[in-house]
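Visitor: Make a model of the complete structure from these sequences and hints.
Number of protein chains: 4
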Amino acid sequence: MIYFNNDYSEGCHQKVLEALIRTNMEQTLGYGEDEYCAAAAAKIKTLCGREDAAVHFLVGGTQANLTVIDAALRPHQGALCPVGGHINVHETGAVEATGHKVLTVPSDDGKITAEQVRSVVMAHRADSSFEHMVQPKLVYISNPTEYGTLYSLSELTALSETCHELGLYLFLDGARLGYGLMAAGYDVTMQDIARLCDVFYIGGTKVGALFGEAVVITNSVLKEDFRYLIKQHGGMLAKGRLLGVQFDALMTDNLYFDIALHAVHLADKIRETCEELGVSYLVPGITNQIFPIFSDDVLAELSKDFCFTEMERVSPTHRAIRFCTSWATTQENVDALCDALKNLVK
Amino acid sequence: MIYFNNDYSEGCHQKVLEALIRTNMEQTLGYGEDEYCAAAAAKIKTLCGREDAAVHFLVGGTQANLTVIDAALRPHQGALCPVGGHINVHETGAVEATGHKVLTVPSDDGKITAEQVRSVVMAHRADSSFEHMVQPKLVYISNPTEYGTLYSLSELTALSETCHELGLYLFLDGARLGYGLMAAGYDVTMQDIARLCDVFYIGGTKVGALFGEAVVITNSVLKEDFRYLIKQHGGMLAKGRLLGVQFDALMTDNLYFDIALHAVHLADKIRETCEELGVSYLVPGITNQIFPIFSDDVLAELSKDFCFTEMERVSPTHRAIRFCTSWATTQENVDALCDALKNLVK
Amino acid sequence: MIYFNNDYSEGCHQKVLEALIRTNMEQTLGYGEDEYCAAAAAKIKTLCGREDAAVHFLVGGTQANLTVIDAALRPHQGALCPVGGHINVHETGAVEATGHKVLTVPSDDGKITAEQVRSVVMAHRADSSFEHMVQPKLVYISNPTEYGTLYSLSELTALSETCHELGLYLFLDGARLGYGLMAAGYDVTMQDIARLCDVFYIGGTKVGALFGEAVVITNSVLKEDFRYLIKQHGGMLAKGRLLGVQFDALMTDNLYFDIALHAVHLADKIRETCEELGVSYLVPGITNQIFPIFSDDVLAELSKDFCFTEMERVSPTHRAIRFCTSWATTQENVDALCDALKNLVK
Amino acid sequence: MIYFNNDYSEGCHQKVLEALIRTNMEQTLGYGEDEYCAAAAAKIKTLCGREDAAVHFLVGGTQANLTVIDAALRPHQGALCPVGGHINVHETGAVEATGHKVLTVPSDDGKITAEQVRSVVMAHRADSSFEHMVQPKLVYISNPTEYGTLYSLSELTALSETCHELGLYLFLDGARLGYGLMAAGYDVTMQDIARLCDVFYIGGTKVGALFGEAVVITNSVLKEDFRYLIKQHGGMLAKGRLLGVQFDALMTDNLYFDIALHAVHLADKIRETCEELGVSYLVPGITNQIFPIFSDDVLAELSKDFCFTEMERVSPTHRAIRFCTSWATTQENVDALCDALKNLVK
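Going line by line, the protein sequences match chains C, G, Z and Y. Counting in the numbering used here, the first sequence tops out at residue 346, every number present. Counting in the numbering used here, the second sequence tops out at residue 346, every number present. Counting in the numbering used here, the third sequence tops out at residue 346, every number present. Counting in the numbering used here, the fourth sequence tops out at residue 346, every number present.
Certain hints may be false.
Which copy is meant is left open, so a pair is good if it fits within one copy or across any two.
[What the hints assert, rightly or not] Below are the DMTMM-like pairs computed for lysine to aspartate or glutamate, each with C-alpha atoms no more than 25 Å apart in a straight line:
#1 223 <-> 165
#2 346 <-> 161
#3 223 <-> 127
#4 15 <-> 26
#5 269 <-> 26
#6 45 <-> 276
#7 223 <-> 192
#8 304 <-> 115
#9 342 <-> 108
#10 15 <-> 310
Bear in mind the hints are in silico, worked out from the structure with no lab data behind them.
Guide: This is the structure:
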């Protein structure tokens, strides 16, 4: 069985593992106050072009999302997001468990537009019962989204400008950020993100680390007392240096970006095959995620040798699925998949 | 200015006021443990045909909703409701503030169907990531709904059977329950509601009381320690007898139902006029709420003498509004409204 | 049976009742946006010498406490209070239910000192694990306290200065404020309280109203969006004018203070008798609450005709109890109590 | 500088690291549904003599504490613990952030007695205002405690029997469980703990793992839907197998216990030296933690070469500190410490 079902099936990249092995018996301070965390944070600030940023390392994405949102909002405020946003559908109500409503807008491709944000906020403010409704205060986006789509520089700029004009925070979930930044022709850089967002995170779990997300806070209001929030939500690792060591390795010699590019290149190969075969997509994309549509018959055969994610039925005879590549995917496995597709799809 | 904008513009019915005056200087136990609360609860149980029910008096609707839902759910569970449900849109995230997600289903008329409930629950259970999503555990309905619609006996029975088959609680918000039960031709009784719902409340604020809702719990699981929850959420009135005195008066000599019938009759008069004039409705109804559609010109004139609620624009030239009658509405004011409509609408 | 067990056994003062009767059938806007609320708020601001204050009317004390504290704190912050503070012991964890820890300091008389506040805050800041502990951010005091004691002007000034020097809010629970301000020789005025506290409330439930507390916010940071918080916590009464009407009546012609003085005078009579009889106190006081210590034999006899509150056993043969007078207490009942005490205590 | 300040300064034991290296590129299911988690859970169940237990792997102690307590309690219920309990003082209000009050009892040695539990619960039930106070429902203990003390088998049995008689859950925080179980002469076994507690955890972070705690639930009520709670609180690691792999290694060939014994033996050496030197203790103990009292002069010298934890000042001239040994402590460093003590203490 060859796995294309997600991008977190393996452990970590060899260089990350080597860093963990090398530092294993060193003694450091606990709770993220060690030198490895400091070094990794420094590299990330430089990479972002934001020496004024605060960088914190958290264990996982749900934890990062709930901690950032709880830190940012007062009790009557909510997080606005596309209806398919991870915080809305796949985190067991983690945001609500901190007391905050997730306010959704319709979206087919996993993205929210500046116009939607403006429309919701203005409608809220114009309503005579505005105090009877949750106040939108933060916009949550993921980039790449859960559908593998990406915000263009102009879209992200418009979102940022709209949020800031209206007094909202812009929070970007970058669980797969590397796979977005390395996508062919993508016009957004890490510096753009650090310039346009109030807070975001650089995902490690899906991009070469055993686990860990680097939260980057650029808005000084959001920096205050953030470590208290991490601790309160159970996210402060005693051996915080584990995260520092990993991100330090990922941010050394361009490793994070090189391994993300590897995954995107392999996804491009699969896309080439799909296009040759005339396969259509649930949502088109350029990152490490591919959402092709196949007939039930093809999928029945394909599933004998390959593992993939079921997305949804699109017709009585066809279903959309997801293939994921990652830093760990091999050329050999991609070739096997492409060959199988060529054999199965007429 | 004549007010048809809501059903809580005045104080309370004269007989309720007299009861408050008569008992004002009596000394009673606090926190709802007095004889008036006991007497009112006894009358409500008899009325419901449920001597086994627990009856608690709370100050208002949002408080009743958040207290019942928080008492019923474990942290990972959510309340399912129609997208327009009061808990979803007009309570400033009160349910989320207790940690629970409100799960919505699409609805044009303010109602949710048994099929929708089944579909959401089965989809949740069938999903391989079910633990990553909030577990639906309670269905919240309002009856009448925010759109003045009513669940028929067969609809309510189907909802109840589906909830119980699937292990969910059925909770009915009866803020305007009297106006529903007294609607011409409505086939549901108080006993039906007490038989079919796990918990519901009989609204007093909008039906003759100064304030107060009588929460009736029929499911024994939900009864346990409910008073702790009331206290914790700030809903335990020191002079709890104020609620007992009011509901005792409302439940004496059929007062609650007589005054609700009065409101419905007056609403029927307005509906007759609308129908004579060929006015269409946003949503048709038979309770104390009417949602007619008028041209902007008519509304401009009408608003000079009458106060009503804006609902939504339905065309470039027409808007839907709401008229509410109540126990306090006078025949004279209804006649004035009907005359005005006849003059304005051609 | 004559009741001295608490100060909320009756309804409301006759003049408050008359105001409710007089306005009963008037139509007003809902949710506290009516003219009565505006008028009452204006009178309170003038009384406080703080035209810049925000005044909100809430239904009860627990609701006021939880709403103010939740509005004031970020998630990692806590409320500091004396160990016997109402929020710590008698509100079913209402503050914790909003996510905040109540941090306590030892206290025999229900009060906290400026030195205690400074000591806790400085210890927190000096601790190398400060982020692993809740950050003290608000000091909750009640005045009079649960033990009937009062903060002197110098004590209150010291608390206020310490809080503000250290960046904490000072919140005063004035559920029995009238009975404190009218105590013989008390050197604190309403203006002092409004000058020294960031937020406080003037209790109505125990001082002449059916129910209701007037929250006065003087710190502009705490004013922002406060009505959202009221709504979210179920404290926004549809017929908000009920609170406005009552406080408007209480704040007219010095009523609030006259009726509080009445209660204190009658308590003074009981204290005179106790002192003649050589009775000792659990805690001495000058407000409407008296905490005398009697033998079990005396209490057994006394309880045949009088209702009082048990406080605690102070020796194998003696117990401390509480007598409360109120705006509703009669001279006749006080005379009966004093006569009984003279007969029973040798 | 030689570190005796805590037991989480290094990475993980060599055999744990080898297991992580060996499995690094394997593909497994995510979220703890892999074979390594299953294998580790099976070993733990056998070790506990409870094949019916549910075993879950969480990242850290605060996360384990807040997740277990939130899963176990209804909103009005609280966790009872000794005043020095970790959940009360060093988790930034994590339990309160889930809405629950921590109810404390006085304790000098970090332990709570069965009598204290009974006394608090009976007092709560006997109080006429019981619904105005948080209901005690769970007893939280740590074993070893924060003061290095241990519950004897008779103490633990009494606690368990009292909890179960009164309807409370007994929850044991075993962050340092290995170091307790291996202490010389300790009469409690893992099977005893699994028999007497409703839920407990076996700490990995401080006993040989990079991170991770194994939560063992023996009470079937507490098992229900526990994984939802893990996910909601951000504790469900995408690569859950990292925890399974580590605990599988620790539970193989008695590793967990052997390395804990190593730490205890080295602590015994330090204790022997202290006793030879007539050093007194803040609290005596037999685990990997030692709380000796030294003069300020000795500590000033000692701190030049050794890192330890400050506990508290016990006199104008003396302070109590903590030395911790761990699985990673070397004989050589312990010898250096003992030599230094012998030189410094006269």
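Visitor: For each hint, tell me whether it holds in the structure or not.
Guide: Hints and how they fare:
1. Taking the shortest Cα distances, residue 223 and residue 165 sit within 25 Å of each other both inside one copy (20 Å) and across copies (22 Å).
2. Proximity of residue 346 to residue 161 under the C-alpha cut-off of 25 Å is found in neither arrangement, the shortest distances being 48 Å within a copy and 49 Å between copies.
3. Taking the closest pair of Cα atoms, residue 223 and residue 127 come within 25 Å of each other only across two copies (21 Å); inside a single copy the shortest separation is 32 Å, beyond that limit.
4. Taking the shortest Cα distances, residue 15 and residue 26 sit within 25 Å of each other both inside one copy (18 Å) and across copies (16 Å).
5. In the homo-oligomer, the alpha carbons of residue 269 and residue 26 lie at most 25 Å apart only across protomers (23 Å), although the nearest pairing inside one protomer, at 42 Å, exceeds that limit.
6. Proximity of residue 45 and residue 276 under a CA criterion of 25 Å is satisfied in neither setting, with 42 Å inside one chain copy and 53 Å between copies.
7. Proximity of residue 223 and residue 192 under a CA criterion of 25 Å is satisfied intra-copy only: 20 Å inside one chain copy versus 36 Å between copies.
8. Within a single copy, residue 304 and residue 115 get their C-alpha atoms no closer than 45 Å, and across copies no closer than 35 Å, so neither meets the 25 Å cut-off.
9. Taking the shortest alpha-carbon separations for residue 342 and residue 108, neither the intra-copy value of 29 Å nor the inter-copy value of 46 Å comes in at or below 25 Å.
10. In this homomeric assembly, residue 15 and residue 310 never come within 25 Å of each other (Cα to Cα): the closest approach is 32 Å inside a single copy and 38 Å across copies.
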